[in-house]
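Just need the whole structure built from these sequences, with the hints factored in.
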Amino acid sequence: MTTTITSPARLPGAGPGSWPVGRARLLRAEWTKLRTLRSTWITLAVAAGSSVGLAHLNAGAVAARSAGAGAADRAAVDPANTALVGVVLATVLVGALAARCIAIEYATGMIDVTFMAAPSRAAVLEAKAVLVALMAVAVALPANGLSYVVGVAALRSAGVETSAPVGDAVGAILSAAGAVALFALIGLALGALTRRPAAANIALAVLVLGGQILAAAVPTAARPYLPSAALEASVSLSPGAARFGPAAALAVLALYAVVLLAAAARALRSDR
Amino acid sequence: MIEVHELTRRYGRHTAVDGVSFIAHPGRVTGFLGPNGAGKSTTMRMIAGLSRPTSGRVLIGGRERPTARGLTADRVPPLRALGALLDPAAVDGGRRGADHLRWMAHSNGIDARRVGEMLDLVGLGQAGSARVGTCSLGMRQRLGIAGALLGDPPVLLFDEPVNGLDPDGILWFRHLCRRLAGEGRTVFLSSHLMGEVALTADHLVVIDAGRIVADAPVAEIMAAPSGRRVHVATESPAELAAALGAAGADVEADGAGRLTVRGLDAATVGRTATRLGAVLLELTTAETSLEEAFFGLTHAATDDPLPTARSHALTGDPT
Chain A
1 MTTTITSPAR LPGAGPGSWP VGRARLLRAE WTKLRTLRST WITLAVAAGS SVGLAHLNAG
61 AVAARSAGAG AADRAAVDPA NTALVGVVLA TVLVGALAAR CIAIEYATGM IDVTFMAAPS
121 RAAVLEAKAV LVALMAVAVA LPANGLSYVV GVAALRSAGV ETSAPVGDAV GAILSAAGAV
181 ALFALIGLAL GALTRRPAAA NIALAVLVLG GQILAAAVPT AARPYLPSAA LEASVSLSPG
241 AARFGPAAAL AVLALYAVVL LAAAARALRS DR
Chain B
1001 MIEVHELTRR YGRHTAVDGV SFIAHPGRVT GFLGPNGAGK STTMRMIAGL SRPTSGRVLI
1061 GGRERPTARG LTADRVPPLR ALGALLDPAA VDGGRRGADH LRWMAHSNGI DARRVGEMLD
1121 LVGLGQAGSA RVGTCSLGMR QRLGIAGALL GDPPVLLFDE PVNGLDPDGI LWFRHLCRRL
1181 AGEGRTVFLS SHLMGEVALT ADHLVVIDAG RIVADAPVAE IMAAPSGRRV HVATESPAEL
1241 AAALGAAGAD VEADGAGRLT VRGLDAATVG RTATRLGAVL LELTTAETSL EEAFFGLTHA
1301 ATDDPLPTAR SHALTGDPT
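Heads up: the sequence lines are chains A and B, in that order.
The numbers in the working numbering rise by one with no breaks, and the one at position 239 of the first sequence is 239.
All you need for the working numbering is the position in the second sequence, starting with 1, plus 1000.
Worth flagging that the hints you see were computed from the coordinates, not collected in a lab.
Remember, it's a predicted structure, so these values are computed and weren't measured experimentally.
One should not assume that every hint holds.
[Stated by the list, open to error] A few chain A residues facing chain B, derived, Cβ under 8 Å:
1) 26
2) 38
3) 110
4) 263
5) 265
6) 267
7) 271
Using N, Cα and C, we set each Cβ at its ideal position, and we do this for glycine too.
Now the structure itself:
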C-alpha cells in the first residue's frame, strides 16, 4: 500500500460559522473552474482584441463618411459611440462565456458533482454571478479605455476633431463596461434557464443583436426598453430624444439581469 | 451507514422507485443490483441528495442530507460525508483531470495535496494533467473514483463503476472496494453485471420495477432454491430417470434424452448409469449463477414471463 486514502490532518472540518466559509470556498472553487479552461482566456482575449480593432476600423469608416460633410456634421460625430462599437461583440462573447459556465455543466451532467459538493443551488449561482460580472468588468474596462483612445486617435488622424469632455469619455467607458457585466449576468441566467450552451447563445444573440427583429414586435414607445436599444444607449454620449441616457439604459439592463437571475435561481431548484 | 426509509419517487403517473427501504452497513460492500430501468440510478440520485424523493427519506451516517436551499445542513462539508461517482462522463472535457479535482477540493476546504495523492491512488498519476476530453472512459472512471475519495468520506456511492474499466481495472476496483470496506467505510455500488457484484459485494440489495425484491448476504442469494444440478444426456432416459428417482433424486426429463437431476452428485449419477448399462452422452454439473438467482428473483417479483428457457428451468415454471 503506497498511498493512504485517509490523511485526517489535512481534512479540516468547516468549523463554526460554515455559511461565510462555505461562500468563500465556493467562490474559490468556481474561480478554479473558470480559470482552468482555455476557452475562458481565448474568449476574453478575442473580446478585448476585437473591441480595440473594431474601434480603429469604425473610426476610419466614420471619418471617411464625414469627410465630405460640413463642419457641423463632423462636430456631431459621437466619439464614444464610434470608438465603443466593439462593445456589442464583446457583450455577446462575454455573455456566451457566462452562459457556458453553467449550461455546459448541465449538458455534461457535471452540475451533479457541483451540487453534491455544494448543495445550495442559489449559492452556486451567486458565486458564478459574482465571478462572471467581475471578470467582465476586469476585461471590458481596460479594453474599452484602449478602444476609446484608439478610436479617437483614428478620428483625429482623419481630420475629425471631437470635443467630448474627459469626464464624459470616462463615463462612457465605465458605462460600457457596466453593460458588458450586466450582459454577463444575463448570459449566466440564460445558461441556467436553457441548460444548453447553444440555446443560451441563440437567446443571448437575439437579445443583443436582435434590435430589428424585436423592434418589429413591440410598440415604438417600448423600443428603448429592448436590451439591444439599452445597450446602444449605454455607450452613447449624445442620446437622441427618444432614448435613455447611459445611466437609465444601464438601469434597464440591470432590471433584465435581476429578473432573469431570479428566474434562473428558481429553475435551478428543479432536478436535472 | 446509508439508511433508506420508504423511499418513493414518482414522475407524473410513473413510479420509478416504490417504497424502497434498506440499510447499507459500514465495513461492508453492498451491491445494488437490478436490470436497466429498475430504479437503481433514481435511488442513487436520491441518496446523493440530487433528486428529491416524492416521499420517504435517506440518512447518511444518521443525518439528513444537506438540502438544496441551505449551504450545508450541518458542519461537515458534503464531500467529506459522502463521496459519489454517478456518471464518469459528468466532467467538462476542456479541463485537466487534476483541475477538476482541484475545484472539488476548494469547494469543500480539502487540502489541494489530496488531489495528487488521489490521482496516484487511482493510477492516473501524470495522466491527471491531460484534458479530460482526451481521456478514455476508463480514465474518466478512475478520475470519478478519485473525486469520490477526495474528501475521505465514510460513505461511498458508485453507480456502475466498472463500465469502461479494462480487466486489470476491474480487478483493481474490486480490491479498492474491499479495502475501503476494510477501513470501516460503507461502500454501496450499483451494477447490472451480477457476476461482478458477486465477486465484490458482501451483501446484495436487488431492485426490480422500483421495488426491493431481495436484501440478503451474497452467499444466501447464491444458495437459490434450485441449488446444484446435474445435467445428463443418455440413450435410455426413461430407465435412468427411474433408477435416479429410486435413489432419491428429483429428476426432470425434457423428452429428448436429457435429464436435469437434483439431489445427487455427478459421480453418483454416473455410477447409476454404469450399473444400468446406459450409454451417457453428456454429464455436467451446473452451479446456480448469480445471474440465474437474479433472474429468479426478479421473475418471481414481477410475474413477467421471461423469454429465456434457462430461467424457466431455474424457477421450475412450466409455462
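Going through the hints against the structure:
1. Annotation: residue 26 (chain A) was flagged as interfacial toward chain B, and the flag holds, the nearest CB pair being 6 Å apart, inside 8 Å.
2. For residue 38 (chain A), the suggested interface contact is upheld, since its CB lies about 6 Å from the closest CB of chain B, less than 8 Å.
3. Taken as an interface hint, residue 110 (chain A) checks out: its beta carbon lies about 5 Å from the nearest beta carbon of chain B, inside 8 Å.
4. Below 8 Å, beta-carbon pairs count as interface contacts, and residue 263 (chain A) has none with chain B, the closest being about 17 Å; its hint is therefore violated.
5. With 8 Å as the threshold, the beta carbon of residue 265 (chain A) stays out of range of chain B, its nearest partner Cβ sitting at about 11 Å, so the hint is violated.
6. The restraint placing residue 267 (chain A) at the interface with chain B is violated, with a minimum CB-CB distance near 12 Å, outside the 8 Å limit.
7. Taking 8 Å as the C-beta contact cut-off toward chain B, the hint placing residue 271 (chain A) at the interface holds, the least distance being around 5 Å.
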